[in-house]
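Engineer: Spelled out from the first residue to the last, the chains are:
There are 2 protein chains.
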Amino acid sequence: MDKLRVGLCGLGTVGQGVLSLLQKNAEIISQRSGCVIEVVRVASRTEKPQVDLAAAIFSTRIDDLVEDDSVDVIVEAIGGSNAALSLFRSAISAKKHIITANKALIAEHGVELIPLAQDKTLFMGYEAAVAGGIPILKVLREGLAGNTVSKIAGIINGTSNFILTAMSQAGDDFKTALKEAQDLGYAEADPTFDIEGVDAAHKLTIMASLAFGVPMDFSSVYMEGISTISAEDIRYASDLGYRIKHLGICTLDDSGLSVRVHPALVPDGQMLANVEGVMNAVKIESDALGASMYMGPGAGGLPTASSIVGDLIDLARGNTRAVPLVNQIDRMDIANITSAYYLRIPAIDRPGVLAEVAQILSVHGISIEAVTQREHRQNDVPENDWVPVIIITDQVLEFTMNSALERIQELGDVVGDIARIRVESPGVL
Amino acid sequence: MDKLRVGLCGLGTVGQGVLSLLQKNAEIISQRSGCVIEVVRVASRTEKPQVDLAAAIFSTRIDDLVEDDSVDVIVEAIGGSNAALSLFRSAISAKKHIITANKALIAEHGVELIPLAQDKTLFMGYEAAVAGGIPILKVLREGLAGNTVSKIAGIINGTSNFILTAMSQAGDDFKTALKEAQDLGYAEADPTFDIEGVDAAHKLTIMASLAFGVPMDFSSVYMEGISTISAEDIRYASDLGYRIKHLGICTLDDSGLSVRVHPALVPDGQMLANVEGVMNAVKIESDALGASMYMGPGAGGLPTASSIVGDLIDLARGNTRAVPLVNQIDRMDIANITSAYYLRIPAIDRPGVLAEVAQILSVHGISIEAVTQREHRQNDVPENDWVPVIIITDQVLEFTMNSALERIQELGDVVGDIARIRVESPGVL
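Protein chains in written order, with my numbering: chain D, 1 to 429; chain W, 1 to 429.
Bear in mind the hints are in silico, worked out from the structure with no lab data behind them.
Hints are supplied without guarantee of correctness; some may be wrong.
Each pair may be met inside one copy or between any two copies, as identical chains are not told apart.
[Claimed, not checked] Restricting the straight-line Cα-Cα distance to at most 30 angstroms, the calculated cross-link-like pairs of lysine-lysine (DSBU-like) are:
#, residue 1, residue 2
1, Lys120, Lys3
2, Lys151, Lys24
3, Lys179, Lys120
4, Lys48, Lys3
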């Protein structure tokens, strides 16, 4: 291929990033790809903004990209679902390759779109959909292709990580930290997608699919967000040597495939515990390599453009073979996972409570790794007749933990809802 | 390509790792590559060891691999220089693709071998030569191909990092830590290549070449090892909030390309500071992505095999386009780099010494970031008439620092050799 002609759809931060990166680094991109990559047409539903379009033709009509015979590949940078989905369908019909950063679309409609593209031997690149500029899909698909992956654990939503970092460093409560994230532009006015784990679940769907060769299946991902995490849990966890992070986790073992996003206590010594602010990081455990980790900016116009241009270069190099997503692996119900747990039990401050709790855990075969009965601190709710009992358990089946928690919750001395957060197992990274 | 037929040369830990990985993960490898990858012939100069060679024919004569028409690609896992170099030359003549983990060969002879292979449109894969199983060359060559790289900084020699970690954690001196590394099999009986930076310089030569598109040029790499690092420097650095790591660093700026390996003080908060033991980690700074980092096992049979099999899969997928290594960029002399410095100045314990030192630094325009005059500790040399003056400077041209150090060394009150270690600049990762 001597020339790759790009139709760019969308001129927000990502679209502008793609334009400027292709211009700024044109020489090295052509050297590395062996091909001139040129944006020949740009479409945006809003009026043409003040950006240098070079020789590209501008339209406000998206279909112009699809109808332009000179366009080889469409870069979709409009986001959202409906318009993008319809663009994908018509682009595939028109035999255009597609590159996108649209995680929701790939996670929720990939099962339809990817085979459509493959049937016409078209390339569909979505490196930018997961972990921004970190080339994590390339690592899974190619670099580690000789490995059987057993686990992926990642911080893949920068907004949640920013909020948890702020809560941890400044002692802010959730609402204050969310407000700060919104003021800084890291969180949307309606932050639901980020803070309830939907965005992370989209990204995890895609990683799980490539790591295990299974069809995209967003609906089976277990989701918990960070809005229930309290400042006191972060403090107690810290006292015990943990940080609370929002993780996307997939594991594959004899019981099946577990794909889930939820908050977790991560031991201080683990690299993931030290990933702060809006950074993303993904840890992969695989049979040949062992534990490896990939870290970088998970969002932003230029980091996202970096991945889109990487996909364009793959297309130019002819590195377009898709991994078949055809394996059928049973999905585990969240009740069947095994995990250690952090419990915060609000209990009347009198002798015997801890014994009752320990007795129930013991009956369920749950060992206690650490326990502390906390004094109220200055900022805690000033009720003096109860204390939070903090327990870290050993590994146990979640189903068993649920049964034990029901019993503990019913104890007369337990005066409020028990907080329960999973604890990541120790690892070398 | 339906079938890729491998001739494996060498049955040490790496060769055995490749054999077992190709067998164990045959199904997913063929799924991801779209091709059956089969070892058809194995050569090893020693007698056939007790490993399952499946259907492969065994020879003790290496040339049998080259002369076997059924072999498409030779995996070189014998290491060393002479035999490997001769194998590469004859393999290229016989139109065989080559995959290797041999960093010395690629760094020192790549400038001859790579164009030879390209002239015959043969693939030469050497992902395994750098950072073991971390697919760092793929990241530089493809994932970040849209970026202009400005800096690479990595912990790329596990032996040195193990020794520095042991010195830091147990307070061992260099010799004790080296002995421990040797006892555990992390260091060779003759550890020169690892501890004097030669191995790291080989790997850095290769990374610099791919990142900047320049020919491999091992001879121009500036090299300092870790044998001069003392336990007290590690302690003083720690007190000031730094760890001492052995880094491979390339930087590209208007003054040219600097490629160097040396010990450096890394601020505690940086991810690189927390990479312990035999782990490898590489940080890349580039224009679009920003700072990103890649971490994992840097050595061992299976991690190395992971990268070799990754290269085999690239070959099977047809992802074989080499980045041209043709750019001419001036190499900076080490005297022209800019860095902050840690200085340990053994000086007579009397008033006025610090003033003299500060005066010389000031005359040279060097600002002081931190200074402490240390008491001797229990394990230090028990001479009571001198103290180590510890200084961290601001950024300055190394040439200027050298001039200042010459003057300071000549002061009558300075009673021994000044230790000087570069300090890594702060960064987001």
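Engineer: Please go over all the hints and tell whether each is borne out by the structure.
Structural biologist: Hint-by-hint comparison with the structure:
1. Lys120 <-> Lys3: For Lys120 and Lys3, the Cα distance is within 30 angstroms both inside one copy (21 angstroms) and across copies (24 angstroms).
2. Lys151 <-> Lys24: For Lys151 and Lys24, the Cα distance is within 30 angstroms only across copies (18 angstroms; inside one copy 38 angstroms).
3. Lys179 <-> Lys120: neither (47 angstroms within a copy, 61 angstroms between copies)
4. Lys48 <-> Lys3: within (25 angstroms within a copy, 51 angstroms between copies)
Hint compliance for this structure: hint 3 alone is broken.
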